[in-house]
Amino acid sequence: MKFLIEIAGASVVVIAAILVLPRFLELFALINATVYISMAVLALSLALVWGFGGILCFGQAAFFGLGGYSYAVAAINFGDTTYAIPVAIAVPALMAAALGYVMFYGRISDVYMGAITLTLTLILFNFVNSTAGDQWRIGAAPLGGFNGIPSTPPLNLPGDPGNPLPPESIFAIAAISLLLCYILAKFILRARFGRVIVAIRENERRAELLGYDARAYKLGIFVIGGAMAGLSGMLFANCVFVSPTMFSLFYSGQIIIWVMVGGLGTLVGPVIGAILLNFFTTWAGTLPDINPSLILGAILMLAVLVVPRGVLPSLTTLLGRLRGAGDAPGDAA
Amino acid sequence: MDLVFAIGFQVMSGVATLLITSLGLAIIFGMMRVINLAHGEFLMLGAYAAILSAREGLNIWISMLVVAPLVVGGIGFVVERFIIRRLYGRMIDTMLATWGLSLALIGAVTMVFGNTVAGFSAPLGSFAIGGFTASAYALFLIFAAVVLLGGTWAILRFTAFGLLARGTMQNAEMASALGVSPDRVYAATFAAGSAVSGLAGALIAPFSGVVPTMGAAFIAKSFITVITGGAAMLAGTFSASSLLGTVSTLGTFATTPVFGEVMMLAVAIVLLRLLPQGITGRFFRRAL
Numbered sequence: 001m002k003f004l005i006e007i008a009g010a011s012v013v014v015i016a017a018i019l020v021l022p023r024f025l026e027l028f029a030l031i032n033a034t035v036y037i038s039m040a041v042l043a044l045s046l047a048l049v050w051g052f053g054g055i056l057c058f059g060q061a062a063f064f065g066l067g068g069y070s071y072a073v074a075a076i077n078f079g080d081t082t083y084a085i086p087v088a089i090a091v092p093a094l095m096a097a098a099l100g101y102v103m104f105y106g107r108i109s110d111v112y113m114g115a116i117t118l119t120l121t122l123i124l125f126n127f128v129n130s131t132a133g134d135q136w137r138i139g140a141a142p143l144g145g146f147n148g149i150p151s152t153p154p155l156n157l158p159g160d161p162g163n164p165l166p167p168e169s170i171f172a173i174a175a176i177s178l179l180l181c182y183i184l185a186k187f188i189l190r191a192r193f194g195r196v197i198v199a200i201r202e203n204e205r206r207a208e209l210l211g212y213d214a215r216a217y218k219l220g221i222f223v224i225g226g227a228m229a230g231l232s233g234m235l236f237a238n239c240v241f242v243s244p245t246m247f248s249l250f251y252s253g254q255i256i257i258w259v260m261v262g263g264l265g266t267l268v269g270p271v272i273g274a275i276l277l278n279f280f281t282t283w284a285g286t287l288p289d290i291n292p293s294l295i296l297g298a299i300l301m302l303a304v305l306v307v308p309r310g311v312l313p314s315l316t317t318l319l320g321r322l323r324g325a326g327d328a329p330g331d332a333a
Numbered sequence: 334m335d336l337v338f339a340i341g342f343q344v345m346s347g348v349a350t351l352l353i354t355s356l357g358l359a360i361i362f363g364m365m366r367v368i369n370l371a372h373g374e375f376l377m378l379g380a381y382a383a384i385l386s387a388r389e390g391l392n393i394w395i396s397m398l399v400v401a402p403l404v405v406g407g408i409g410f411v412v413e414r415f416i417i418r419r420l421y422g423r424m425i426d427t428m429l430a431t432w433g434l435s436l437a438l439i440g441a442v443t444m445v446f447g448n449t450v451a452g453f454s455a456p457l458g459s460f461a462i463g464g465f466t467a468s469a470y471a472l473f474l475i476f477a478a479v480v481l482l483g484g485t486w487a488i489l490r491f492t493a494f495g496l497l498a499r500g501t502m503q504n505a506e507m508a509s510a511l512g513v514s515p516d517r518v519y520a521a522t523f524a525a526g527s528a529v530s531g532l533a534g535a536l537i538a539p540f541s542g543v544v545p546t547m548g549a550a551f552i553a554k555s556f557i558t559v560i561t562g563g564a565a566m567l568a569g570t571f572s573a574s575s576l577l578g579t580v581s582t583l584g585t586f587a588t589t590p591v592f593g594e595v596m597m598l599a600v601a602i603v604l605l606r607l608l609p610q611g612i613t614g615r616f617f618r619r620a621l
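Chains Y and V, in that order, give the protein sequences. According to the working numbering, the first sequence is numbered sequentially starting from 1. According to the working numbering, the second sequence is numbered sequentially starting from 334.
Chain V extracted, bound-state conformation (with noise of 0.2 Å):
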């Protein structure tokens, strides 16, 4: 019984991890059709953020949860400004030049913090089921991820933005010939998809190790559940990253972390066979 309930908390938080770290790409995937190929590295500008200004003397959770995603959101507001407006459309394009802002992104941090593992521990402690013990920061996570997805969803469907941005989404054109500037909501959008990454970045510091080539550890299983997840962004995500979770979780359990990440990949594939339009191109078409 301990045990199902062990491995049942590690699937939990091995899908809110995937969930956290895949939101930010599935918002500006998913509102603007831009594939954000540095999203990893705006996870290490997070990381990055909360552990220096923790160093300076601030507040952990301040650092994390304040400090993180407003100096990526403002990195991405920069970045939307000088490269992604100038590519809208060219989706193949805008994948690449992120990548080179990925690559660039990696150098200039490893030039200036050194190719070195930073960290700080997971606060909270850890609390026992049955005859396990479990890090309580891991339970954190998972409400985390929670809270994100459901704020997200709350923003989008109930507030006047949600509603401009969602319109903006669907047509573009016609939204703008309503008096919206499409150009603003796209600012605002990937400025507020960069802030969840940094975020991310932060809340995940403390399991992964911060280093300067860190996000690459992430980009392709964030890329892989935002694609396996398709055209509804948010239930897309929350249903490919529980699904691709618990198959990394358990392949992880039965065999090694690394073979369990290779499961996973190998589910995804398979799965773009069956479904090339993604889970929600079949599945839950309506939703948000």
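Isolated chain Y, as found in the complex (with noise of 0.2 Å):
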């Protein structure tokens, strides 16, 4: 029951900003809420993989950038924006796969996984910045270094590549999508394999003498983050566009601070941790003399030192506390 009320009600919040906001946002703030919302997806994405699977990992930004990446590269080379989603998600997916059977099945332990996905980001984020120049090209899409690809085409509708949506369309898709990530990580909560991997989280050598293999769990779960990391860089690419900061150890350490903000654990804070301090940031953009590194540092610091378990969480204990309930919460919301 609980289960589907969380749904509706994300349904209804979503749908109603779907209806409401591009009626009294201008047409700036529309796309960058758009950005908000890719960025929503990515920490989605990381709340799942860390959250619930229990794998710290540093390169999340490196799924994302993959899939922006193969957004651009793919709608250049076909003309039309439609099969390129597909390959955004299938891309980062096979790379995920590829790199959580390196990690998972040579029983790479949590500190040296951090090593190997830092730098498998880093390798991305300094190849795709030395793609400069007409000799790197793949098909007619030039990777274009440092610059990125200015001309990422945005979505068009189906068999209809004249004709690019709107940005208030590209916002309900990006909404829309963030919606059924949310839906998908509820049901694979829920669903056994979901249920199996939070077991390998707290224990994991308890899970495999239960007969559990849980290195193919862990694929399991890694493959899915990466795919919807994939997804999130194409909502991305399609408000701005691609280029190798989408890379960058600050976009890894930003999905960090997201989900640690929100608080482990959940879906729902990683969410909304990613969407306000996002608004935050571009904020503190504004300030004179005030480097929003050093505002973002001091967060995760103060998330660290203070509220190890996210915001959301303490906050929901505090409230059951003051209610009398007495227990904390479990892996709700």
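These are calculated hints, taken from the structure and not from any lab test. One should not assume that every hint holds.
[As the list claims (entries may be wrong)] Pairwise CB distance ranges (calculated):
#1 V:M444 to Y:L276: 49 to 59 Å
#2 V:I393 to Y:L276: 46 to 56 Å
#3 Y:R321 to V:V479: 57 to 67 Å
#4 Y:G9 to V:G407: 46 to 56 Å
#5 V:T492 to Y:A216: 45 to 55 Å
#6 V:T546 to Y:W283: 21 to 31 Å
#7 Y:L94 to V:T588: 22 to 32 Å
#8 V:G341 to Y:P288: 48 to 58 Å
#9 Y:R205 to V:E506: 17 to 27 Å
#10 Y:F193 to V:V479: 32 to 42 Å
#11 Y:P288 to V:F415: 25 to 35 Å
#12 V:G407 to Y:L302: 18 to 28 Å
#13 V:I393 to Y:T281: 38 to 48 Å
#14 Y:L302 to V:L398: 32 to 42 Å
Positions of the beta carbon are idealized from the N, C-alpha and C atoms, including for glycine.
Grab the two chains, each in its own frame, and use the hints to assemble them into the complex.
Structure (structure tokens):
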């Protein structure tokens, strides 16, 4: 019952946003809102992988960037963006599968996993940055080095490439994608697969002794996370354009901050965290004399030191205590 | 023949740079199991400390070899006191908190000094190997790497503090029962590791240029070197930086600097797949 109410609640919020926001926001603000929503999808992907799978991936930005680039390259080559969408999801998913296979089947421990995912992000960042010049093109699409691909085409209706969708529709598509990802995540966590994933996070050895192959399950959730991050990169590419900064450490770091601040082990928390922190950094960026990195860094440090479980879970615990309910809520929300 | 010498020299200086920039991280990780993701920013602070004191008219060698480690060592002491100390035993949280620190330091330094490249030219001029000329400063870097590595080893091996530090590292509870305060040992170790990072930052400044974001170029390489090295911090860092530094320099010769780096990172990933505990997880296990 709670499950259905949560999904219905999320749907109502998203549909209301689609109906209301485009009427009130100016074009620039609407595009910004779409960027925030793509970030929320990205946060959701790490929320699954880290919050429920227990896999701290420092390289979620790698899948995000790969998704964006695959979309841009495929769309330019096909001339129609429809089939570029599955490409943008499949390429990062394949990358996640290859990387996950190396890590999980190699039984690589937490810290080393952090090192490997971080390294992959750096490899891609360095590589894409150095692809300036004409010899670096995939089909008709020049990779453009540190300038990225400014001519990233926006989505169009299937079979009608001459007619790119207006920002309002792209906003709606992004919002619906976020909703679908959320519902998918809810279903995954409700299904047997998701329960085993959480069991492995809690105690990997016990789960294995009960006969579950932890490696395969972890690989599964990692690939789903990679695909979701790719989708988010595709949405991002639609609002801005793709450039190597999508692979940068700054992005990788931000994703972790959203999830950490929003609350590990929740789905709604990271989504809200991503949207609010993005609002906040955009606003902070307009302040004179204050560097947004300083603020972000301070927030992350404070979050780890003061509310290591994240703001949302800490708030719910606090509310529960005030109501006298006593026990902390588990992996709800 | 000249070419062999020239390439050999480049490889050695590449290895030395990697070793110098990784050692501070290795000391902190090896002794305390703390991964300091603000390591790159400690390098950056060391470089700024050296450059600012040199601008104030201090002798360049004193600025690099004395001021930089002292300043960054002091900063490390404060950081340990207020952040790291609260997070012992929570490795992932330490990584996150130091990452926050890293972002904050980049922001703060950018606000103070602006996002411009400062720098000073390498002292010592150049010398010739056959038909090739090389910077004498690079020779000094190789020398510095040997001294730093040997010095750290000697301190750990022969001094009373080294003994206490190794004991605490092996069994903090036992050390504490014998009257050693692990808190103090950790504080001193973290400050020492930070000082080494600061020194490293000053040493590489003439080659790398000094910008608030310069740490990002080093943190991943240092991180991967230390992790690839494995549990024995000095032997591990030495063997990993020799291997990875060679790969990266030769790759740079064969292609471009970017692909040299990509090759090095790719080798590190393959190596970690084959030796999940790092190089010293299998070889040189009893080394320091």
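Q) Taking each numbered hint in turn, which are not upheld by the structure, reported in ascending numerical order? A) Those not satisfied are hints 1, 10.
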